[in-house]
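Student: Read off the chains here:
Number of protein chains: 4
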Amino acid sequence: MAGIFGVSSNEDCVKDLFLGTFYLQHRAQDYCGLACSDGKTFSAYDTHRGLMRQQFPKKVLKDLKGNFGIGCVTGDRQPVSVLGKAGAFIVAYDGNIINHDELRDALLMKGIGFTGFIGEGEVHDSAVIAKIISSESTFERGIESLAKIMKGDFALVALTKTGVYAARGWGRKHLILGKKNGSYAVSSESNSFPNTGFEIMRDIEPGEIVLINEEGVNHVGRLDLNPKKYCSFEWIYTAHPASVIEGKSVAEVRINLGKALARRYPVAADLVSPVPNSGRWHALGFSMASGIPHIEVFVRYDYSDRSYTPGQQPDRDVEARTKLIPIKEVIKGKIIVLVDDSIVRGTQMLTRVRVLKEMGAKEVHARIACPPLVAACHFGKTTRCNDECIARRMPIKEIQESMGLDSLGYATVEDLEEATGLPREKLCLDCWEP
Amino acid sequence: MAGIFGVSSNEDCVKDLFLGTFYLQHRAQDYCGLACSDGKTFSAYDTHRGLMRQQFPKKVLKDLKGNFGIGCVTGDRQPVSVLGKAGAFIVAYDGNIINHDELRDALLMKGIGFTGFIGEGEVHDSAVIAKIISSESTFERGIESLAKIMKGDFALVALTKTGVYAARGWGRKHLILGKKNGSYAVSSESNSFPNTGFEIMRDIEPGEIVLINEEGVNHVGRLDLNPKKYCSFEWIYTAHPASVIEGKSVAEVRINLGKALARRYPVAADLVSPVPNSGRWHALGFSMASGIPHIEVFVRYDYSDRSYTPGQQPDRDVEARTKLIPIKEVIKGKIIVLVDDSIVRGTQMLTRVRVLKEMGAKEVHARIACPPLVAACHFGKTTRCNDECIARRMPIKEIQESMGLDSLGYATVEDLEEATGLPREKLCLDCWEP
Amino acid sequence: MAGIFGVSSNEDCVKDLFLGTFYLQHRAQDYCGLACSDGKTFSAYDTHRGLMRQQFPKKVLKDLKGNFGIGCVTGDRQPVSVLGKAGAFIVAYDGNIINHDELRDALLMKGIGFTGFIGEGEVHDSAVIAKIISSESTFERGIESLAKIMKGDFALVALTKTGVYAARGWGRKHLILGKKNGSYAVSSESNSFPNTGFEIMRDIEPGEIVLINEEGVNHVGRLDLNPKKYCSFEWIYTAHPASVIEGKSVAEVRINLGKALARRYPVAADLVSPVPNSGRWHALGFSMASGIPHIEVFVRYDYSDRSYTPGQQPDRDVEARTKLIPIKEVIKGKIIVLVDDSIVRGTQMLTRVRVLKEMGAKEVHARIACPPLVAACHFGKTTRCNDECIARRMPIKEIQESMGLDSLGYATVEDLEEATGLPREKLCLDCWEP
Amino acid sequence: MAGIFGVSSNEDCVKDLFLGTFYLQHRAQDYCGLACSDGKTFSAYDTHRGLMRQQFPKKVLKDLKGNFGIGCVTGDRQPVSVLGKAGAFIVAYDGNIINHDELRDALLMKGIGFTGFIGEGEVHDSAVIAKIISSESTFERGIESLAKIMKGDFALVALTKTGVYAARGWGRKHLILGKKNGSYAVSSESNSFPNTGFEIMRDIEPGEIVLINEEGVNHVGRLDLNPKKYCSFEWIYTAHPASVIEGKSVAEVRINLGKALARRYPVAADLVSPVPNSGRWHALGFSMASGIPHIEVFVRYDYSDRSYTPGQQPDRDVEARTKLIPIKEVIKGKIIVLVDDSIVRGTQMLTRVRVLKEMGAKEVHARIACPPLVAACHFGKTTRCNDECIARRMPIKEIQESMGLDSLGYATVEDLEEATGLPREKLCLDCWEP
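Residue numbers (the numbering used here), protein chains in the order written: chain A, 1 to 434; chain B, 1 to 434; chain C, 1 to 434; chain D, 1 to 434.
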């Protein structure tokens, strides 16, 4: 997963560039990077291990300047600077190449080598993408060439000296346009906009290539890509609740899913609680439809997550164990509905239920805001391995029992259609109906 | 403000020491430190600028070992290692010395100098405390000597080679004892206990000095200090909602305050929202008593706060501006009750109200979970300067108008008494009735 | 300038790799890097800004292992890892490409792009070399392809999973082979050998390509390159005095040049002193031939040079001013012969003469161990700019006067022929006879 | 060992402060620190692990300003800032307290504690000194009090807001005064002066206390200390050859010692070589008196020494092995006189002789510029342990044989008297006549 952002500003873009990228931090926490151009040259540019707030304090930001910029938060080192047939550009992408090895070998056979390999001779997706785009005579042709031969999906932004290109593949990777007073921005999520003052213009369409510069948002190409699909998981979990995707508020879609769960699986309970933060809006919907009070039985400890310094391996086990603090006084003797967005391996849900029972909960009923996950996501969401999915290995009744739950209910694909207002043909459902 | 923790374990204490201290991180974010002893010597010990999770990764923790340990999160460099008349010890405290200059000068006149001054020749409170304690022949006498001459209040833990001393002053600085299987802990807040497995034993009483070691919690002295007072602000804002103070659950006291506000200042509204995170439990109480849905109109962006690297100055203005993201779809056209714990200068509330109105809120009514703040806190909470308090400079009606609020209501001292179940004589009310 | 080293060892090579590379530190101080292979994969590999001793302490070295390794000290970031048609390799080179832009553009036209550009879209020589070699189906063909189209000169080492390739261009960049007990090494200078226990085998010949592995030194190719030339400046200044180049001891060649100067420009003086360290062996020769005592009037301060930490810009002006301390007691009232290897701009000699006169020297006579420099070196030695050469701008008599010297004598090309025992056709004399 | 420096300048002192301290780097390499005052406050001040050039680059130096400053290179963390009865000052010293434990315990008994202990409760000499001085009502009294009760020796500089105090104990720790244009400096060695433009004024006398400020060098006290002794080892090894101590040039004293050795132990040899750098000037004297050519058979590799980064433990064994490179061409078949300043344990000399013999030296004759060391130095020079001295454990003849030397000769105390021109009563001879 990644978050990408691009901006063309009528003044220096660095402040908007930083904040616009920063508000994508929930999408990835391993690397982050910013690059700028003032129309003549690229200014100081760097990719860092760690979080935006740590890696780009004021004293670093002051080395960046220019009207055009791109930024990213990613799982690998991005953005990548490239000198190619069409000149110099700097690119960041959100996506994945399913046929990576095939594309890499084809490049090697053409005599196109890679510098900076890792391990025994591996290269990142970003290196393959950079090589394919840079071997064509224009940026648009490079993108076309990429879309023609790659399997997977992508969204990307590319900074040249005079503007920012943005392109979207089949649709699973989102990009949205914003504007304010002669400045234009593109982002993985509209969450970049409220605190930077941009207004939503529209989503970039699947297959669309635009160039953003002082003249605005220029349409420069359209790829013929089929079928087009949106990623359902963005509304369910990935995106920030303040974002709007394809015209649908993420917070509202989640409230809708919670309401559907309350109608589909009613239960007489003392309180409904999310697993914070991911289940919070779903739980709110459940509370609104059922009338059961919405009280958080776990308090999230803000300092538990990923505040690691560069180079330091995050200890994700310690993170998971330490980030929620149960409130015994609220839990004891209560019948509790616990709402979360999804269950992958089930280990976290198991831990939460055990804690609640130990603290004296009378009953615990779980409600899950999407259908049972039965397949790995080929596009980098949820899990990379089929066998990790607990719902692939056992029936729902068994999951319930293994976790010590008093009941367990999942949302349905129909609930997703109703909550988003989109027909199932437009939604990627590979996680549930592979 | 600070958080202090001490532990005597029947095995190596480092894991409990780290977590017990870590769960006090909400009390201070500038410095943190850990120190251990194995009964013979002190093991690697260090005070760091920054957060616990950043500064004490596994590779640092492995240099610490021993059955006894203390830890702290503080605003100045602590703990302090001291070699004194009674031997070597390492001390951390939460508190403040109102007559700092007087005590420092008395020490200098006795020929007791300070190494490591700052600025033109300033020394920290911790240096003064260390000198006073270390000039006496036993640790207990050192504490007595301190309590006799200092003005202010304090709680402290001190590690010797064979145990952990803990002492509490007049009562405003809390300390609570916990135990599990032959291990004993003391902490500023019981929030250190749920995820480390300790059970609450009891609060350390004002004036009490204990020694924690393999024999348990040993009473070693009692200071004759009057009057004894608890800090009301701990329940209202400072402490973590999962903590229990003097037998009162912080979460429940906040719900009680929110209920009192709903009864005292009813309003016909579409939704009640906290300023997250500080107003969350108060808002929940308001919602429970009024029946108005509890929906958060701002989503807190977890990555906005204090993830700065050591040595880097936090930019608190940027933090304040960036940490909340408004959800337009939820705000537009609504009558909103906004609940927060307190108002000091009023600048943050002003900003929040302005954003809500810009996003289309029909009305905004503020409810504040404590009385109007009119005085600086001599004990280091709220503010250091009388004139910063907006409620000292203008009447409530004027505050409401200057902020563009449709109504404004504060809790009363009677509400505090009722919510905590404690009579006003036991509560420090200096902020409201100086 | 750069120093490169490669080794195939019959046990783990890291210790020899570190030391062998370390003893080339005098050739470059900006970057350094090491890479290893154990026959199956490449182990931890890194390029660092700074000096070998700082950048590769024990704790870093322990992450490297394998029987094959290469190392370098360079002015740009090397070695470079490359995945190409013929597989993965890691390359380091000493050299320069005069027709860099032409080669880069030809690669771009073929659709071969570069990742990691600098500035507006510049790439390093190392990137161009890596691309050319990696576009061919074998390593030997890659080198041939490079030699066919490049102008300039080079020596390089390349690590594959199963051995170390070494190749030498027209001759100006030296490479020498060593062996001990079944281990084989190749280095820019034999100075790598005395303290690692290697014995000199022979120089790699201009145009020769060898592969070093457990079977020894295997001849794998010969490039047809003409004319072949050795760099005279290696003996005069660049190489370490303990090195032997093309069978000639550097220390002895320098003594020979000093003797020639004493014969050619006799002077009745009290003492002969070098500018330390570069003039030390030349001055010794002058002393031996003239009988004038060899006393150093300046003491080099060891801590003055390039001990900067990574990322820190060296302040070469401060370095130049601070590195020599004059000894007044030795200088006062004396007639001094000051011997140095060469004069480029003349600013340093001017400073030295002025200090000697201020300290009371009666007369100062300069003797220079090579002919007057009149041209920039196209191969990266001496200077990059013709106009920097003081001897291009004014006659010798004028140089002498401008510096306040009492006399000034330069060595001749004939002195170089005699000192090295090599005919002028084998010596690159571009600096003096462009 | 340590080097200390102080300056009062008629303009900003930072440049002179940095360089004056830097030129003492040969005296200590573990820590370094600088402190300044502008007459009103102390400016940014810091003590660092590492070398001056690494730790004080321009960007750090720009945070320092003021007309008064002190600096030091030390083995422990100095300078130390102190707030005492007489106000705030910052102190650095060269010296050692033989009765450290006694003084520490006396302070503790008085109720004077130490903050910042190490290990189980140890404190540095600098902490003891700081406490003693700071307990008195004036700086002069503090020094008097120190001198009255301490055993050992010292020289120190102390920065107050309005000047720099300098004080010298019994004489083994040297201090010298310099001036230029209204600026005044004090240093452990006059080596601080040539490249900063200061002229030697005079040595501070044993027992003298001065205050340096805009009025010049003010005599403020004289301690009655006996007997007064100079450290002989400063001329033999410790001091820089460009320094002048008690009016005697270090370079000249060393030449004198070498001449004495040539006269006392003549030998028919092909060349005389120092162990660089410590034996260089002694070897020159030997060459001058004997007529045997002075050729260095080992070249010191400048990059071998102590360029470690902060926190990194220097590997002194690797340093010793790597720092000298033998030149086989010069060594083979020759009768060599090897001159060094002293022999402590003999391990280094043994290694050197072995290398020379392996490289084909016909004979090796060692000449040592001081008498056989038979006792540890109580003042921190040479060695801390009697038993480390090889000359304590075996007769000279046996030392010669164990090292494979063809002959071995030591200088005598009479040679020291003659070389320095000082009578034996004024020289500390504890190393040779304990």
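A hint or two may mislead.
If chains are identical, the list can't say which one is meant, so a pair holds when it fits in one copy or spans any two.
Calculated cross-link-like contacts (lysine to aspartate or glutamate; reagent style EDC-like; alpha-carbon spacing at most 20 Å) [said to hold, decoys possible]:
#1 K328 / E136
#2 K332 / E252
#3 K161 / E120
#4 K328 / E215
#5 K161 / E388
#6 K110 / E144
#7 K334 / E252
#8 K334 / D415
#9 K323 / D302
#10 K59 / E205
#11 K59 / E363
#12 K229 / E418
#13 K180 / D203
#14 K228 / E214
#15 K334 / E144
#16 K248 / E11
#17 K426 / D270
#18 K65 / D101
#19 K110 / E136
Honestly, the hints are just simulated from the structure, not real lab data.
Student: For every hint, state whether the structure bears it out.
Tutor: Evaluation of the provided hints:
In this homomeric assembly, K328 and E136 never come within 20 Å of each other (Cα to Cα): the closest approach is 63 Å inside a single copy and 43 Å across copies. Taking identical chains as interchangeable, the C-alpha atoms of K332 and E252 lie at most 20 Å apart only when they sit on different chains, with a minimum of 13 Å there against 31 Å within one chain. In the homo-oligomer, the alpha carbons of K161 and E120 lie at most 20 Å apart only across protomers (8 Å), although the nearest pairing inside one protomer, at 35 Å, exceeds that limit. In this assembly of identical chains, K328 and E215 lie within 20 Å of each other by CA distance neither inside one copy nor across copies; the values are 59 Å within and 29 Å between.
Taking the shortest alpha-carbon separations for K161 and E388, neither the intra-copy value of 45 Å nor the inter-copy value of 35 Å comes in at or below 20 Å. Both within a single protomer and between protomers do K110 and E144 lie at most 20 Å apart by alpha-carbon distance, with minima of 18 Å and 18 Å respectively. In this assembly of identical chains, K334 and E252 lie within 20 Å of each other by CA distance solely across copies; the values are 15 Å between and 28 Å within a copy. Taking identical chains as interchangeable, the C-alpha atoms of K334 and D415 are never at most 20 Å apart, the minima being 28 Å within one chain and 27 Å between chains.
In this assembly of identical chains, K323 and D302 lie within 20 Å of each other by CA distance both inside one copy and across copies; the values are 7 Å within and 12 Å between. Taking the shortest alpha-carbon separations for K59 and E205, neither the intra-copy value of 37 Å nor the inter-copy value of 48 Å comes in at or below 20 Å. Within a single copy, K59 and E363 get their C-alpha atoms no closer than 53 Å, and across copies no closer than 41 Å, so neither meets the 20 Å cut-off. Taking the closest pair of Cα atoms, K229 and E418 come within 20 Å of each other only inside a single copy of the chain (17 Å); across copies the shortest separation is 57 Å, beyond that limit.
Taking the shortest Cα distances, K180 and D203 sit within 20 Å of each other inside one copy (16 Å), while across copies they are farther apart (56 Å). Within a single copy, K228 and E214 get their C-alpha atoms no closer than 30 Å, and across copies no closer than 56 Å, so neither meets the 20 Å cut-off. Proximity of K334 to E144 under the C-alpha cut-off of 20 Å is found in neither arrangement, the shortest distances being 58 Å within a copy and 47 Å between copies. Taking the shortest Cα distances, K248 and E11 never come within 20 Å of each other, neither inside one copy (31 Å) nor across copies (54 Å).
With identical chains, the CA atoms of K426 and D270 are never at most 20 Å apart, being 38 Å at best within one copy and 34 Å at best between copies. Neither within a single protomer nor between protomers do K65 and D101 lie at most 20 Å apart by alpha-carbon distance, with minima of 37 Å and 28 Å respectively. Both within a single protomer and between protomers do K110 and E136 lie at most 20 Å apart by alpha-carbon distance, with minima of 13 Å and 9 Å respectively.
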